[in-house]
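K.L.:
Below are the chains, spelled out letter by letter.
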Amino acid sequence: MTSEMQPNAGSAQIYDRGYRPYDGDRTGVSGAVKSVFRASIERALGLRRKFRFKIVPVLTIVIAYIPALIFMGLGVLFGSEVAGDVGAAEYADYFGLISIAVVLFTAFVGPELLCPDRQSGLFGMYLASPLNKWNYLAAKVGALTLLLSLVSLFPVLFLLIGYSFTGQGPDGFGEVAKTVGQIIAAGLVVSIFYTLIGMAISTLTKRQGFASAGIVMVLIASGVFAGILTEATNAPDWVRAFDLISLPTDIAGRIFDEQIVQFENVSTSMSVATLFGVMALCAAIIVGGYQRMEVTK
Amino acid sequence: MCDRHQIGESEHVNIAVDPGLTPQAPLPSPAVISAAAVSKSWGTTPVFTDLTANIPKGITGLLGSNGSGKTTLFGMLLGLHDRNGGSLSVMGEDPATAGPELRQLIGYSPEHHDLPVDVAAQDFVRHLAEVHGLPKHEATTRSSDALWLVGLGEERARPIGTMSTGQRQRVKLAQAIAHGPSLIILDEPTDGLDPVQRDDMLELIRKIGTDYGIDVLLSSHLLEEVERIADNVVIIADGKTVAAGRIDDLQIGQGGAVVVLDDQHEAVARSIHEAGIAVRIDGGRLFVGNDEPIEAIGAVVRDAVATHEASLRRFGARQQSLEDLFLHEVHGE
Chain B
1 MTSEMQPNAG SAQIYDRGYR PYDGDRTGVS GAVKSVFRAS IERALGLRRK
51 FRFKIVPVLT IVIAYIPALI FMGLGVLFGS EVAGDVGAAE YADYFGLISI
101 AVVLFTAFVG PELLCPDRQS GLFGMYLASP LNKWNYLAAK VGALTLLLSL
151 VSLFPVLFLL IGYSFTGQGP DGFGEVAKTV GQIIAAGLVV SIFYTLIGMA
201 ISTLTKRQGF ASAGIVMVLI ASGVFAGILT EATNAPDWVR AFDLISLPTD
251 IAGRIFDEQI VQFENVSTSM SVATLFGVMA LCAAIIVGGY QRMEVTK
Chain Y
298 MCDRHQIGES EHVNIAVDPG LTPQAPLPSP AVISAAAVSK SWGTTPVFTD
348 LTANIPKGIT GLLGSNGSGK TTLFGMLLGL HDRNGGSLSV MGEDPATAGP
398 ELRQLIGYSP EHHDLPVDVA AQDFVRHLAE VHGLPKHEAT TRSSDALWLV
448 GLGEERARPI GTMSTGQRQR VKLAQAIAHG PSLIILDEPT DGLDPVQRDD
498 MLELIRKIGT DYGIDVLLSS HLLEEVERIA DNVVIIADGK TVAAGRIDDL
548 QIGQGGAVVV LDDQHEAVAR SIHEAGIAVR IDGGRLFVGN DEPIEAIGAV
598 VRDAVATHEA SLRRFGARQQ SLEDLFLHEV HGE
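Chains B and Y are the protein sequences, given in the same order.
Per the numbering used here, the very first residue in the first sequence carries number 1; after that it's consecutive.
Per the numbering used here, the very first residue in the second sequence carries number 298; after that it's consecutive.
Because the hints were derived from the structure by calculation, they are not lab data.
Check the hints yourself; a few may be wrong.
Unchecked claim - Now the stretches of chain Y that chain B is said to cover, found in silico as 3 or more residues with beta-carbon under 8 Å:
(1) 439-452
(2) 466-478
(3) 489-501
(4) 581-593
To be verified - Below, in silico cross-link-like pairs of lysine-lysine (DSBU-like), each with a Cα-Cα straight-line distance of 30 Å or less:
(5) Lys54(B) <-> Lys133(B)
(6) Lys504(Y) <-> Lys133(B)
(7) Lys206(B) <-> Lys50(B)
(8) Lys206(B) <-> Lys34(B)
(9) Lys354(Y) <-> Lys504(Y)
(10) Lys433(Y) <-> Lys537(Y)
(11) Lys433(Y) <-> Lys50(B)
(12) Lys54(B) <-> Lys537(Y)
(13) Lys50(B) <-> Lys34(B)
(14) Lys537(Y) <-> Lys354(Y)
(15) Lys34(B) <-> Lys433(Y)
(16) Lys34(B) <-> Lys133(B)
For glycine and all other residues, C-beta sits at the position ideal for the given N, C-alpha and C.
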C-alpha cells in the first residue's frame, strides 16, 4: 500500500458485522421503561407510521394552538394599547376553549397506547422483558400525560410566551413566574385527569374503537346527566361537579382564582374532592384490570 | 401420525425406558434450567405436581399434550407466574426473585402470530431489543443483523401486517435473538408453517443453537421436529416430568423388532401373537416382541410370513423413536 492511500484507511469502518453475541452493558428496567415511553409517544403521534396515522394527532394539536395564534395575531395587529393587557382569566378560559380538543385527543391517544399492546400480544412480550405490569403502566401514564400536555399545558404556555412578546403578558419576573406556575399546575391537572380517564376505559376493552367511543360517551354523558339532574330536578348543586368535561376546566380556573359559570354554586372543596375521587376510581380500574390480567401466551 | 391398530390388551408393546434416564438422571453438561419438585396450580386446578428436570446447554425440546402446561412452564421460567412449591433456577437464578435481571438475558418467542400490524419489522425488533436493555445504537444495528440472519434482511422495512405467517415467525425469532440472549424460549416456533418453511425454520434454530452458542428451549407438538434438531428432550404429562435426557440416550434400550410388510399384516400379526409374542400393528409396520432375543423373534416372524405368503419388506431390531417414548410415557401405549 502506498503512503498516498493511508489517509483513507484510517477512516474505514465495517458496517456489515453480521449477527454476533452481545456482552456489553444493558440498560435494565429504566432503559426498558424509557423505550416504552418513547415508543408510545412515537406511536400516538404517528411517527414511523404511514401518513394516515399522523392526521388525527396533528389536526388535534393544531386545533389546540389555533386560538393562541389568533389571540397573539390580534395583539400583533392592534397592539397592546388596543387589545389591552391580558389577565389571568385569559389563561383560565383557554383551558375551556380547548377542552374539546383535549377530549378528542384523549379518545384517540388513550386507546392507541394501551389497546393494541394487548390485542397484538405485545403486552405479553413486554412482560417477557425486564418490564413488569407496573413499570409498563408507569411508562404509559408518563407518555399519555406528556401527550395530553401537548394539547392542554403547552398551548397555554405558548399563549403566555406570545403575549409576552406582544407586550400583553404579565409584568415583572414575579408575575411571570407566578403565571407560569399556575399554567403548569392547571395543565398538569387537566393532563393527568384525562390520562387516567383514557387509560381506565382503555383497560376495560382490547378494542381500540370501543375504547375511543367509550371515552367520548362517558365524558359527554357525564355533562348531560349532570346538567339534567341540576336543571330539571332538585338535585343539589354539587352534582354539577360530575360533569367530567367541565370539572378539570373548573379546577384549572380555580388555580387562576377564576370560576366557570356552570360551577358557580359548586365549592372548591367539592370540585377538588370530585376530581380526586374520579381520578382514584380510574386508578383503581387500571390497577385492578391489569392485576387480574393473566398473560398466558 | 399413523393410525394405530392393536391386537388385544395383552399385546401392547411395552417401551422400556432405562431407569437411569428418567427425570432424575444426571446430565452431561451444567444445567441451564433446573426444576426440582415444582408444583403449580391455577386456582384449584393443578398444572404441575412434581416437575423435576435438569435441562443442559444446547437445544432442548419440551414435549407434552395440549394443556400439559408447557406455556405455563415458560411463564414460570420467565418469572411471570409464581410456583406453589419446589425450586426452580434458570441460569443459576431463581426467576421468581431475579425476574428482570434474568429476563433481559432471555429471548422469548410466543406462540401467537398476532404482532403489531402497522409497525415495520425492524422497528419492532429494535424496540424489543431496547426493552431488553440494549442501548439505542446497539439495538438498531443488532435488529438489522438479526433480521438478516433470519432471512428478512430485504424485508425489514415492511410492516409486519403485510407479512406471511412464515415471515412473522421469523420476525418473532429475530426479536428473540436481537438483544443477544443466553437462552431463547420458543413456543411452537413452526406453528402455521408449510413443510418447506418448517424445514427452513428448524435449520435456522439449529444454526442459532450451534453457531452462536445460544441455549434453546422449544416446545412443539411435532415430535419429529424435536427429534431432528434437539439435543435433549423433556416430556411432561399429568403435572410431572415423565422423561428427560439426551435424545440419543432415550432412544436406546428398546427391545423387540420392527417388521415392514406389503400385505397380510393382520394375518401375520395373528400368527405371531399365537406363537406367544406381543405384537402391535402401526400402519404398515408390526412392532414385535419385547425382551425376546432378536433371533427368536426372527424365527417366529419368518414362519408367519411364510405361512401367509406375505411380502416382507424389512425386518430389524427396533429403535425406539421419540414418538414411541412420548406415547408410552404420556398415553401409556
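K.L.:
Evaluate each hint against the coordinates.
P.N.:
Hint check:
For a cut-off of 8 Å, the count of residues in the region 439-452 of chain Y with a CB near a CB of chain B stands at 5, and the three-residue condition holds. Counting residues of the region 466-478 of chain Y whose beta-carbon sits less than 8 Å from any beta-carbon of chain B gives 4, enough to reach three: the coverage restraint holds. Interface restraint, the region 489-501 of chain Y with chain B: violated (0 residues with C-beta to C-beta distance below 8 Å; minimum three). Note: the region 581-593 of chain Y has 0 residues with beta-carbon separation from chain B under 8 Å; the three-residue rule is not met and the coverage is violated.
Restraint check for Lys54(B) and Lys133(B): satisfied, since their Cα atoms lie roughly 28 Å apart, inside the 30 Å limit. Restraint check for Lys504(Y) and Lys133(B): the C-alpha separation of about 34 Å exceeds 30 Å, so the hint is violated. Simply put, Lys206(B) and Lys50(B) have alpha-carbon atoms about 22 Å apart, close enough for the 30 Å limit, and the pair holds. Our distance criterion of 30 Å between C-alpha atoms is met by Lys206(B) and Lys34(B), whose separation comes to about 24 Å.
For the given pair, Lys354(Y) sits about 15 Å from Lys504(Y) by alpha-carbon distance, which is consistent with the 30 Å threshold. With a C-alpha separation of about 42 Å, the suggested pairing of Lys433(Y) with Lys537(Y) is violated against the 30 Å cut-off. In summary, the hint linking Lys433(Y) to Lys50(B) is supported, as the alpha carbons are separated by about 23 Å, within the 30 Å threshold. Between the alpha carbons of Lys54(B) and Lys537(Y) the distance comes to roughly 52 Å, so the proposed pair goes past 30 Å and is violated.
A hinted pair counts as satisfied when its Cα atoms are at most 30 Å apart, and Lys50(B) with Lys34(B) qualifies at roughly 24 Å. Using a Cα cut-off of 30 Å, the hinted pair Lys537(Y) and Lys354(Y) holds, with the two alpha carbons roughly 22 Å apart. Taking the CA atoms of Lys34(B) and Lys433(Y), the gap is near 11 Å; set against the 30 Å cutoff, the hint holds. As the CA atoms of Lys34(B) and Lys133(B) are separated by approximately 15 Å, the hinted pair is consistent with the 30 Å bound.
Checked against the numbered hints given earlier, the structure breaks hints 3, 4, 6, 10, 12 and satisfies all the rest.
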